[in-house]
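Peer 1: Using the hints, position chain B against chain A.
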Amino acid sequence: MEPLLAVKDMVKRFGGLTAVNHVSMEVYPYEVVGLVGDNGAGKSTLIKMISGVYKPDGGQIFFQGREVHINSPMEAREMGIETIYQDLALAENLDVGSNIFLGREPTQPFMGGLVRVLDRRYMLAESLKVLERLDIRIPDLTKEIRNLSGGQRQAVAIARAIYWDAKLMIMDEPTAALGVAEQRKVLDLVRMLRDQGVPVIIISHNMQDVFAVADRIVIMRRGIKAGERMARDTTVDEVVSLMVGAETVETA
Amino acid sequence: MAAITETQDMSTATTSRQMLLRMVSRVWAWLFLGMLVAVFSVSAPGFFTVRSFQNIGINASETLIVALGQTFVIIAGGIDLSVGFVMGLVSVVAAVVMRALNLAGYPQGLVLLVGVVAGLIIGFIPGLINGLLIARLKAPPFIATLGMLGIAKCFAFLLSGGQTVGRQPDIVRLLGNSYFIYVAPNEPVTFFNPPPGADLRSVLGVMTLPLLIMIITAIVSHFVLAHTRFGQHTYALGGSRDASLRAGIDVDLHTMKLYIVCALLASLGGLVWTMRFNSGSPIAGEALMLNSVAAVVIGGASLFGGEGKVMGTVVGAFIMAVLYTGLVMLNVPPFWQFGAVGVIIIMAVLVDQAQAGIARR
Numbered sequence: 001m002e003p004l005l006a007v008k009d010m011v012k013r014f015g016g017l018t019a020v021n022h023v024s025m026e027v028y029p030y031e032v033v034g035l036v037g038d039n040g041a042g043k044s045t046l047i048k049m050i051s052g053v054y055k056p057d058g059g060q061i062f063f064q065g066r067e068v069h070i071n072s073p074m075e076a077r078e079m080g081i082e083t084i085y086q087d088l089a090l091a092e093n094l095d096v097g098s099n100i101f102l103g104r105e106p107t108q109p110f111m112g113g114l115v116r117v118l119d120r121r122y123m124l125a126e127s128l129k130v131l132e133r134l135d136i137r138i139p140d141l142t143k144e145i146r147n148l149s150g151g152q153r154q155a156v157a158i159a160r161a162i163y164w165d166a167k168l169m170i171m172d173e174p175t176a177a178l179g180v181a182e183q184r185k186v187l188d189l190v191r192m193l194r195d196q197g198v199p200v201i202i203i204s205h206n207m208q209d210v211f212a213v214a215d216r217i218v219i220m221r222r223g224i225k226a227g228e229r230m231a232r233d234t235t236v237d238e239v240v241s242l243m244v245g246a247e248t249v250e251t252a
Numbered sequence: 253m254a255a256i257t258e259t260q261d262m263s264t265a266t267t268s269r270q271m272l273l274r275m276v277s278r279v280w281a282w283l284f285l286g287m288l289v290a291v292f293s294v295s296a297p298g299f300f301t302v303r304s305f306q307n308i309g310i311n312a313s314e315t316l317i318v319a320l321g322q323t324f325v326i327i328a329g330g331i332d333l334s335v336g337f338v339m340g341l342v343s344v345v346a347a348v349v350m351r352a353l354n355l356a357g358y359p360q361g362l363v364l365l366v367g368v369v370a371g372l373i374i375g376f377i378p379g380l381i382n383g384l385l386i387a388r389l390k391a392p393p394f395i396a397t398l399g400m401l402g403i404a405k406c407f408a409f410l411l412s413g414g415q416t417v418g419r420q421p422d423i424v425r426l427l428g429n430s431y432f433i434y435v436a437p438n439e440p441v442t443f444f445n446p447p448p449g450a451d452l453r454s455v456l457g458v459m460t461l462p463l464l465i466m467i468i469t470a471i472v473s474h475f476v477l478a479h480t481r482f483g484q485h486t487y488a489l490g491g492s493r494d495a496s497l498r499a500g501i502d503v504d505l506h507t508m509k510l511y512i513v514c515a516l517l518a519s520l521g522g523l524v525w526t527m528r529f530n531s532g533s534p535i536a537g538e539a540l541m542l543n544s545v546a547a548v549v550i551g552g553a554s555l556f557g558g559e560g561k562v563m564g565t566v567v568g569a570f571i572m573a574v575l576y577t578g579l580v581m582l583n584v585p586p587f588w589q590f591g592a593v594g595v596i597i598i599m600a601v602l603v604d605q606a607q608a609g610i611a612r613r
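Chains A and B, in that order, give the protein sequences.
Using the working numbering, you'd call the opening residue of the first sequence number 1 and step up by one each time.
Using the working numbering, you'd call the opening residue of the second sequence number 253 and step up by one each time.
Here are the simulated distance ranges between beta carbons:
id, chain 1, residue 1, chain 2, residue 2, range
1, B, M599, A, H69, 53 to 59 Å
2, A, K143, B, Y358, 57 to 63 Å
3, A, G112, B, V291, 44 to 50 Å
4, B, R388, A, A246, 49 to 55 Å
5, A, M74, B, K390, 17 to 23 Å
6, A, F110, B, L456, 34 to 40 Å
7, B, V276, A, P139, 21 to 27 Å
8, A, H69, B, R278, 47 to 53 Å
9, B, V276, A, H69, 50 to 56 Å
10, A, D188, B, A592, 52 to 58 Å
11, B, I598, A, N71, 45 to 51 Å
12, A, E78, B, P586, 56 to 62 Å
None of these hints come from the bench; they were simulated from the model.
Predicted, not measured: the structure shown is a model, and the values here were computed from it.
All residues carry an ideal CB built from backbone N, CA and C; glycine is no exception.
In isolation and in its complexed conformation, chain A is listed as follows (with noise of 0.2 Å):
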């Protein structure tokens, strides 16, 4: 099978420091890429060179069998790479509908066509049924992000790449302030994700978290990459003492 997402070489230096130094790696439809490392490992600037925030220095990227060259975050996203930061980027003070749809609001001709106003009853509508084809409960759309919990949040943040077609999910750290239940809500919809041919790319701290969604896990350690293992023939034992270094480094 062909990847979706492929880079080579990847290479980004801030000064004299090389925070990516030469990193490849790829990801297939239908799975979940764990990219692990300790603070500093280079994993959030290698997701921000794929996501479009940083140039790399160095490096190809490969998405859908074509080279590409993404200049901005926007440009990421129009071509369906899909960065969920912790933050989630959510107008706290508006509803679900209005974040799925925000900066790209539908509107409806008001008194003949003069001006153009929110068409709100289309963008309820189908928030409702993105949120119920991920399987996602949320029971009243018209309440504020602020008063959803910290899952809901996610899960709306989620809703919305889903139906702007992300093709490819990155998810930085989306179970860090959240309690257990949310954190395993928060897994099986990236599960779903999977299932539904949307692969992600899990950015994680948490080793539990990682092994339970991961069917790959891509272990950094000071700008390269330390190892990659397919996640049921590995252990945490050995992912971790690859992120420290403590075993001799092995290239895939």
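Peer 2: Same frame as chain A, now just chain B:
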């Protein structure tokens, strides 16, 4: 799933307290306004009449028009301190232009048109500069607009020589003060002029141009904020600038538009003032720097951004206007109004703080 319900119950507990606070913040201004009206109706003879209510509306017209502009900016998380002197500058510019053209003998309609257009063009400039400073150069709104306040004040005084600019064409006074409809006992209803021969004290005029402009401005502002993408993006910007940016909203452009809208509404306020008082004055809007913010905040908007409604600002502006008129009718020195408005502002901000505190938890 059972565990999820538990966490939801916990969040429901905070939410219901939050809801209660939000209810209080939404309703208290209305209650307060109702209470003021009730108290003055009982204690001040002649307060509870159509005539006095209409006067309150007319007296509130500039305040509300300017405060509506302020509402847009505050919802987006900004503030515009320059509105009062932008209003003064525009009133002076329009009056100076109209005086000159009037003395040169041009037809009154043309004089008025040129005066209004000149005022709006001059009013556009500080809005554009405020917007550029805040959106492009990332100046804090408080400081940028404070600077603009000084600049607008400077030009308003220079142009007027610190004097009231009078000698306006008649049309200015007529537009600012004539009623559209006149009702008198035992007389047919007349339009634009009182019925000839009627006792002027018994004639009731209904609806003036300033009042009409105020009502239309409020309706249009409400419509834009509640039902258009422009309004939606204004709330989004106040809720989270970052989320707005990442949603692809042109945040800089939108910010500029907001300060331009605010300055244009301040200009409209200045033009209404000139029509009402048949002159231009650099200090026409001096009180409005604070009163416009007060009306918005009393109306339930948050200075943290993201919250606020046109109806709230309307109530806020009317609380101040009712206080003023009521105190005058009771022969209480109207200076008490300053203190009373001050107390109400502090109350409004405390409610806002309590709400924000709970939301942050």
